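Trainee: With chain A fixed as given, assemble chain B onto it according to the hints.
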Amino acid sequence: MSRRRALVVAATAAVCAAGAAASLPVAVSVVLAVPLVLVLPGYALLEAIGGEALGREQRVVLVPALSIALDVVVALLVNFLPSGLTARSWAIALAAVVLAACVGAALRGAGTERAGAPGVLSAGPTSSRSRSRSR
Amino acid sequence: MTESLEPTEPLAPSVESAPERDEESSAPGTFGWAPILAATAAVGLLLVSIADAQSRSMTSASQTLFWVGLVVVYAPIAARLAASEPRRLERLSLVALLGLALYVVKVFRDPFGFTFADELVHAPNAEAILRTHHLFHANSILSATASYPGLESVTAALASLSGLSVYGAGLIVIGVARLLIVLAIFLLVERLLDSPRAGGIAVAVYAANSNFVFFSAQFSYESLALPLLVVALFAYVEWRRTSHGLLWASAIILLTVAIVATHHLTSYALAGTFAVTAIGYAFFGSSRESPARFAAFGIAAVAAWLLVVASATVGYLSPVVVGAVRSVVNTISGESAPRQLFAPGGGGGGSSGGSGPVGRSVALGAVGILGVLYLVGVRQVWRRHRGDPYAVVLTIAGGVVFATYGLRFAPQAWETANRSSEFLFLGLALVVPLALVHLGGRFAARRGFAAATAAVLTIAFAGGVVAGWTPSLRLSQPYEISAAGHVIPAEGRAMASWALRRLGPGRRYAASDADARLLDMYAAGFAVAGRNPDVADILKSPRLDPWELPVLRHNHLRFVVSDRRARSFNNTAGYFFGFRSGSRRDEQEPPQAVSKFNRFDRVFDSGNIVIFDLGRR
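Chains as they are written, first to last, in our numbering: chain A, 6 to 140; chain B, 57 to 673.
So that you can see chain A by itself, here it is in the shape it has in the complex (with noise of 0.2 Å):
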């Protein structure tokens, strides 16, 4: 992942944390906690693991399985906090996973970079055909 786009990924996540955490109109809520939810989470993620390879496809179904795994993780941990599962305590807390993911990808993107490599932990035959596939 290019710095550049996981800066925009991260102010995506902060926006929408910002915003789903306020007390807004429900259906202004729902745009911004139904992707803070369910694929800010596992896009970064992806990004930060590899996922630059994968066909449109596969992330279709990953972005969301990922964001639906970490939300689990995230639960289990926030709970043992004080403050529990509130509504700013998700906020914060998806933001923060998105951020740290966003890191890994904007440091990962530029080790490749400067390794002159195209960035792809899991090339293959398979990577490559899913993408001529899908594109």
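Read the hints as simulated data drawn from the structure, not as lab findings. These numbers come from a predicted model, not from an experiment. Any given hint could turn out to be false.
Claimed, not checked - Chain B regions said to be covered by chain A (calculated; three or more residues, Cβ under 8 Å):
| hint | region |
| --- | --- |
| 1 | 188-195 |
| 2 | 214-225 |
| 3 | 281-289 |
| 4 | 304-317 |
Ideal Cβ placement from N, Cα and C applies to all residues, glycine included.
Mentor: Chain B in isolation, oriented as in the chain A frame:
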């Protein structure tokens, strides 16, 4: 075409001819017929919604429109998925369309709130998280659910951040899960068989499992965990094909953790699948591709969760398994009468009417069709994929589906057999498409093969719906009545709302199965039902026997909710308005079942339901 490959390429990876694959991979992706089939699916859903509206308003209980609507949704999509022409993007669009359209069928049935028995167990857990901001609250109906807070965590996150109700957030979460499972099945089978066409047919086959339309679409932990399991199975296929990528290994580990914290049986199924596949690799495959490490991690995670968090699960599952085994033995030995096939028990709440002869014929036909196709597919697996232990394990799982049909004769084993179908059908979703694509290769020159395939799949799908849900409850039931600007809820729901308002949250009740769920959900109460302790007999018996009050006192059940409607003891049918006349007239418990408590304070009386306060003692 495929036959010609046999002598020289017995283990050829593909089920389609090379030219077909080449054309497919190089062709630009288009949606093809997907927009048109989305329109036909919308027409089908319109018909289903009309049938639901008529049933809800009590103007007609006919299921004709419902069935026509289902066929209009399913058959055209199945026909297109069976055809050889569609490109990959079109197939992906169609499987997503099929999964979501059939999910909407369940949403149309319950447009105002959760009314499935399991939903009214999980939704109170989510409400408790929102109320207290912490996990792991005691659940009075199914104590094991409190130890698996995965679904409720995600739902609570979405609800607290969006302001949606648990119902609204739950619909979104389960909808995403539905999308995940159909796409993951497509990708899994496509990768294993190297055929997008087989991947598309696999989803159509999987939709024929008896729980796809209703049970797996409900707000319940398995509805989320199972899609995550299929994603993990797909991730494993990618892991072994991509030089053990860190990405796929990380995905499997993270998904395993989430599944372990979400649903017991699904976590056992995941660890078991990896373990059995690893054993297969130990004997027949390359150890580099073995999922032994994932199996070890899964088993360790399951064991740790069971020991540290969810020890109550053993007490919950063991009676189910022991009861099923005992029931099978009793049925075989003739001590108990066999159960009528394809008369669903409705999630454990007792039957509310079986399928008619037409329904049973369709269901039996579906079993026969799937059985024949399975045998054809097994032959192809043996020819082309016998060197792949993973494909062999899934094939064997598909065969177990037919063994479980035998369990359906035993009354207490029915639910076990029915519940296993959504897991085992993953095997059929691999083998049956292999058979159909093979037959498609042999009969490609004949016109109408796709239509014939669609017809066969539609019968299998209809058979699944027949076998899966209580016939009288497939359509929406009267839940609220709007009159002169006022909304009148059904009697049990009104009682629960009153209890929250006047008695407050956290009260302990003895109640019938349906009323207990409503009290947990809408009164934030702790309502005990069923036979452990034996609340059901206490509420139904015409006189107050000496043992009954001590049981209530011992369990601190201060409030007794006495309900004369026999329906309220059915956890699938007890949430709706009843019928005062006609063939569906409500059965009533004897008046003494209520009047025996008259010496205690009567704090609520709505005609059929009375709440007695036994006092603080």
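Trainee: Hints first: check each against the structure and report whether it holds.
Mentor: Now the hints, each set against the structure:
Only residues whose C-beta sits within less than 8 Å of a C-beta in chain A count toward coverage, and the region 188-195 of chain B has 5 of them, enough to reach three; the restraint holds. Closer than 8 Å: that is the beta-carbon criterion, and the region 214-225 of chain B has 6 residues meeting it against chain A, so the requirement of 3 holds. As drawn, the region 281-289 of chain B meets chain A at 3 residues by the rule of a beta-carbon pair under 8 Å; at three or more, the given contact holds. For a cut-off of 8 Å, the count of residues in the region 304-317 of chain B with a CB near a CB of chain A stands at 8, and the three-residue condition holds.
The earlier numbered hints are all upheld by this structure, with none contradicted.
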